[in-house]
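Student: According to the numbering used here, the stretch in the sequence shown is residues 32 to 210, in order.
Read the hints as simulated data drawn from the structure, not as lab findings. Honestly, I wouldn't trust all of these hints.
Said to hold, decoys possible - Quick list of in silico lysine to aspartate or glutamate cross-link-like pairs, EDC-like style, CA-CA up to 20 Å: (1) K174 with E153; (2) K174 with D210; (3) K124 with D101; (4) K38 with D74; (5) K200 with E51; (6) K200 with D97.
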Amino acid sequence: EARVRNKPRLSFVSGRHTIELSSQMIVAIRRFDTSFKLWSDEDYLPSIHSYYRYTDRQSPFAVLGDVNGDGRIDAILDGLTDSHSVLIAVLSKAGRYRVQVIHSWDLANPRSNRYSPDSSLEHGKDSFLAYCRPRRITSPYEKAPLTLRNDAFVLIHAERASSVYYYRKGRFRTFTTSD
């Protein structure tokens with residue numbers, strides 16, 4: 032659930048993780064698609080909540096950081112529209128915000144997703160977001176290290192794969208960190 036605030040922030044309200052976005056960010060999201068909404072805590076695999084580290088920068092459905100390097104906080108949001116599951120960036124540019132679609136998938140009910148990491152069976156969304164600070168990253172899956180100049184995020188697929196997404200030259204690029 033997104034609420035209006037001057038500066039974006041992640042919070043825990045009435046037993047649920049939420050995000051409060053600036054009015055400019057909300058306007059940009061509405062221009063993108065008025066049906067957009069975030070995935071909720073209940074949409075993710077229950078086991079994710081047992082090990083996920085919630086912070087003021089990250090929640091499974093959102094990351095806050097200056098991904099494009101202009102000094103203003105941007106938002107990476109994992110959600111859905113009436114027709115698709117989408118991963119979007121709400122990026123600042125010249126004092127305004129715009130939405131950039133990072134990924135779009137066919138819409139599916141995450142609670143119908145069966146996941147069995149061991150002998151147990153869970154239902155829910157098995158991919159989630161995490162904040163990645165500027166730093167140097169190496170990976171056995173990439174030829175050269177990556178030096179992050181700005182904030183970035185990681186898209187993690189539980190017990191399968193993860194990639195760092197970073198913004199450079201007007202688009203998001205990926206750096207595989209596990210398979």
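Student: It remains to establish, for every hint, whether it holds in the given structure.
Tutor: To see whether the hints hold, each was checked on the structure:
1. K174 with E153: Status violated; Cα separation ~36 Å.
2. K174 with D210: holds (15 Å)
3. K124 with D101: The hint holds at about 8 Å.
4. K38 with D74: violated (26 Å)
5. K200 with E51: Status violated; Cα separation ~28 Å.
6. K200 with D97: Judged against 20 Å, a Cα distance of about 15 Å means the pair holds.
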